[in-house]
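Colleague: Given the sequences, and given the hints that come with them, work out the whole structure.
Just so you know, the sequences run in chain order A and B.
Each residue of the first sequence is one higher than the one before, starting from 29 at the first, in this note's numbering.
Each residue of the second sequence is one higher than the one before, starting from 29 at the first, in this note's numbering.
Where hints are given, some of them may not hold.
[Unchecked claim] Cβ-to-Cβ under 8 Å is the rule here; a few derived chain B residues that face chain A:
1) L80
2) E117
3) P124
4) D131
5) M224
6) L288
It should be emphasised that the hints constitute simulated quantities derived from the structure, not laboratory data.
For glycine and all other residues, C-beta sits at the position ideal for the given N, C-alpha and C.
Number of protein chains: 2
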Amino acid sequence: MNSDTHTREAGNRMVLLSGGGGGARLAGALSRVAGDRSVAVVTNPGDDFEHLGLLICPDTDSVLYSAAQNIDPERGWGRAGESWSVFDELRALGGPGWFQLGDKDIALHLLRASLLSEGLSLVEATESLARRLAVPPWMTVLPATESTVRTKVVSDQGELGFQEYFVARRCEPALKDVFYEGIGMASPSNALRDFMGPRDGGAVDVVLGPSNPFLSLAPILDIPGMVPLLRGAARRVVAISPIVDGEALKGPAAKIMSELGLTVSAAEWTRWIDDRYPGLVDAWVWDASDQNLLETSSGEGRDIRVTSTLMSTPEQADRFGAWLLEACCDAD
Amino acid sequence: MNSDTHTREAGNRMVLLSGGGGGARLAGALSRVAGDRSVAVVTNPGDDFEHLGLLICPDTDSVLYSAAQNIDPERGWGRAGESWSVFDELRALGGPGWFQLGDKDIALHLLRASLLSEGLSLVEATESLARRLAVPPWMTVLPATESTVRTKVVSDQGELGFQEYFVARRCEPALKDVFYEGIGMASPSNALRDFMGPRDGGAVDVVLGPSNPFLSLAPILDIPGMVPLLRGAARRVVAISPIVDGEALKGPAAKIMSELGLTVSAAEWTRWIDDRYPGLVDAWVWDASDQNLLETSSGEGRDIRVTSTLMSTPEQADRFGAWLLEACCDAD
Numbered sequence: 029m030n031s032d033t034h035t036r037e038a039g040n041r042m043v044l045l046s047g048g049g050g051g052a053r054l055a056g057a058l059s060r061v062a063g064d065r066s067v068a069v070v071t072n073p074g075d076d077f078e079h080l081g082l083l084i085c086p087d088t089d090s091v092l093y094s095a096a097q098n099i100d101p102e103r104g105w106g107r108a109g110e111s112w113s114v115f116d117e118l119r120a121l122g123g124p125g126w127f128q129l130g131d132k133d134i135a136l137h138l139l140r141a142s143l144l145s146e147g148l149s150l151v152e153a154t155e156s157l158a159r160r161l162a163v164p165p166w167m168t169v170l171p172a173t174e175s176t177v178r179t180k181v182v183s184d185q186g187e188l189g190f191q192e193y194f195v196a197r198r199c200e201p202a203l204k205d206v207f208y209e210g211i212g213m214a215s216p217s218n219a220l221r222d223f224m225g226p227r228d229g230g231a232v233d234v235v236l237g238p239s240n241p242f243l244s245l246a247p248i249l250d251i252p253g254m255v256p257l258l259r260g261a262a263r264r265v266v267a268i269s270p271i272v273d274g275e276a277l278k279g280p281a282a283k284i285m286s287e288l289g290l291t292v293s294a295a296e297w298t299r300w301i302d303d304r305y306p307g308l309v310d311a312w313v314w315d316a317s318d319q320n321l322l323e324t325s326s327g328e329g330r331d332i333r334v335t336s337t338l339m340s341t342p343e344q345a346d347r348f349g350a351w352l353l354e355a356c357c358d359a360d
Numbered sequence: 029m030n031s032d033t034h035t036r037e038a039g040n041r042m043v044l045l046s047g048g049g050g051g052a053r054l055a056g057a058l059s060r061v062a063g064d065r066s067v068a069v070v071t072n073p074g075d076d077f078e079h080l081g082l083l084i085c086p087d088t089d090s091v092l093y094s095a096a097q098n099i100d101p102e103r104g105w106g107r108a109g110e111s112w113s114v115f116d117e118l119r120a121l122g123g124p125g126w127f128q129l130g131d132k133d134i135a136l137h138l139l140r141a142s143l144l145s146e147g148l149s150l151v152e153a154t155e156s157l158a159r160r161l162a163v164p165p166w167m168t169v170l171p172a173t174e175s176t177v178r179t180k181v182v183s184d185q186g187e188l189g190f191q192e193y194f195v196a197r198r199c200e201p202a203l204k205d206v207f208y209e210g211i212g213m214a215s216p217s218n219a220l221r222d223f224m225g226p227r228d229g230g231a232v233d234v235v236l237g238p239s240n241p242f243l244s245l246a247p248i249l250d251i252p253g254m255v256p257l258l259r260g261a262a263r264r265v266v267a268i269s270p271i272v273d274g275e276a277l278k279g280p281a282a283k284i285m286s287e288l289g290l291t292v293s294a295a296e297w298t299r300w301i302d303d304r305y306p307g308l309v310d311a312w313v314w315d316a317s318d319q320n321l322l323e324t325s326s327g328e329g330r331d332i333r334v335t336s337t338l339m340s341t342p343e344q345a346d347r348f349g350a351w352l353l354e355a356c357c358d359a360d
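Modeller: Here it is as structure tokens:
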């Protein structure tokens with residue numbers, strides 16, 4: 029983190045745990061509406077992989093692009109105004125074509141490689157990329173750990189690396205289990221510890237973004253020491269349901285819940301998180317379309333808040349981001 | 029080398045030692061006119077370097093592009109019809125801009141990285157790239173060694189890596205010495221040994237291309253075992269002067285000769301090669317414009333042949349390539 033971030037010591041801080049989809053959209057909203065506080069977006073390391081000799085960090089990059097207002101709004105990943113000269117030539121040469129890489133995206137990967145080869149850590153390189161992309165100074169994009177954590181999927185087609193499952197096979201294999209290779213040796217990045225550390229004024233609120241619990245949040249939260257770090261420093265921990273009206277808005281969260289024998293609902297997602305990380309979450313955010321669930325179950329005694337969580341447009345995302353800041357973080 | 033090459037056992041073989049300039053042009057000519065024999069172009073490893081996390085092999089790539097008929101004819105390096113999307117974005121992000129990389133070129137570097145990460149050796153990866161680029165089957169592009177050899181320059185501005193000297197500082201520092209880091213531990217690539225090995229029919233002729241003797245030929249010839257390998261297997265070794273009428277057609281060869289206290293002439297270049305590699309060369313090729321030198325010195329008893337060595341156009345290069353095959357290699 030640079031001095032811009034450190035000098036904002038007096039204000040409130042937010043820590044957002046994020047994958048590459050809904051969490052990245054929320055990060056984009058906070059980069060527009062959260063200027064009066066410092067926001068650290070903690071990104072999922074489990075999607076990172078080596079490809080064509082480069083380290084690629086898809087979730088971190090989606091957050092970077094979203095927070096810099098230059099993510100492609102249609103695809104929801106990669107850069108806006110992208111071109112494909114390298115990828116076209118790579119395929120013309122018979123190279124691997126299963127993972128699409130735009131020219132601007134490749135420039136970022138090459139620059140990350142250059143920074144890492146100069147001796148910067150992954151967190152330092154990410155901070156440098158954020159500033160070069162003109163991510164607003166109140167936003168810090170923080171890989172959850174400096175260690176190597178790689179999500180692996182046990183499926184009916186055998187054990188698969190995450191990108192093999194997610195991109196090459198389009199989440200088609202039925203999932204039996206997920207594990208995070210290397211996570212036992214990982215620890216939260218020091219920059220995250222610094223960000224959460226005691227300061228003269230202000231509180232820290234932690235938000236679990238509306239991201240896939242198995243593929244995005246667990247590879248962050250299962251890092252040894254992560255839950256105690258978050259819980260120990262946070263005034264409040266809020267979790268946003270990625271399940272809306274019995275479906276995932278995007279991505280395989282609903283499919284995976286089914287395959288793991290769970291009911292696909294915000295209520296079931298809530299129980300799953302609460303069982304897996306007991307005592308971590310103080311308040312839950314469900315989409316307005318799940319109001320009926322709340323009336324049926326009364327939320328099993330939990331603090332559940334309901335609003336429209338849709339972030340299909342920047343306007344919707346900004347509205348939700350502003351609501352989140354006011355309703356869940358600012359109020360004491 | 030692939031089976032196409034190995035099945036051409038009966039014919040004559042040529043081994044061309046090449047840097048990235050004149051040697052690459054000659055390789056391009058041989059890829060058009062030498063179809064009745066097998067040609068191995070042995071490329072200089074000293075220019076290779078790591079940049080943006082990628083291994084870049086400039087001389088090898090110039091030979092690949094030239095032999096595949098897709099080198100940029102104006103620049104003399106890189107791909108024809110090149111675009112610069114990645115490089116533009118890299119500079120927009122404040123990344124290193126001193127080494128120009130086109131999009132098609134980057135695709136090749138990424139594919140090489142991918143092949144190396146799959147476990148291919150540098151020679152195997154280069155062979156794969158040659159076939160993908162549609163280099164003609166009688167042409168093999170062979171890095172001189174699998175080992176890491178890096179040319180370093182001792183100059184009036186201190187010790188510099190080759191690309192720092194050659195590209196970033198445009199050969200401006202005055203050169204005091206050149207050395208080849210790692211060359212003492214290197215050995216000729218096995219693929220080159222195979223190519224030169226005894227076969228049922230045909231002879232091997234070795235050509236030292238019109239390449240910079242200090243920066244292109246010496247990092248090949250100084251590899252321990254290289255001169256005995258070439259001399260031991262060759263019917264004839266021919267060296268082509270890169271000095272024409274007291275100048276280098278391109279590149280810093282003349283400037284370096286001056287800085288090292290040598291007269292800039294084909295005669296002096298001949299003496300330098302003969303002193304440094306005694307007994308290696310059987311025949312010398314000078315440009316027609318140096319006919320007068322021959323009349324003055326009588327070549328000091330050497331077998332010197334004179335023709336137009338200009339390769340400014342493909343037509344000139346093809347004419348010279350055909351002359352070389354007939355006058356220096358085919359005749360016994």
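Colleague: If a hint holds in the structure, say so; if it doesn't, say that too.
Modeller: Hint check:
1. Look at B:L80: its Cβ gets to within about 4 Å of chain A, closer than 8 Å, so that hint holds up.
2. For B:E117, the interface hint holds, the least distance from its beta-carbon to any beta-carbon of chain A being 4 Å, beneath 8 Å.
3. With a cut of 8 Å, the hint placing B:P124 at the interface with chain A holds, because the nearest CB-to-CB distance is about 6 Å.
4. Of the supplied interface hints, the one on B:D131 holds, with its beta-carbon coming within about 4 Å of a beta-carbon of chain A, less than 8 Å.
5. Among the interface hints, the one on B:M224 is violated; its C-beta lies about 29 Å from the nearest C-beta in chain A, farther than the 8 Å criterion.
6. Because the smallest distance between the Cβ of B:L288 and any Cβ of chain A comes to about 33 Å, over 8 Å, the interface hint for this residue is violated.
Hint violations for this structure: numbers 5, 6, all remaining hints satisfied.
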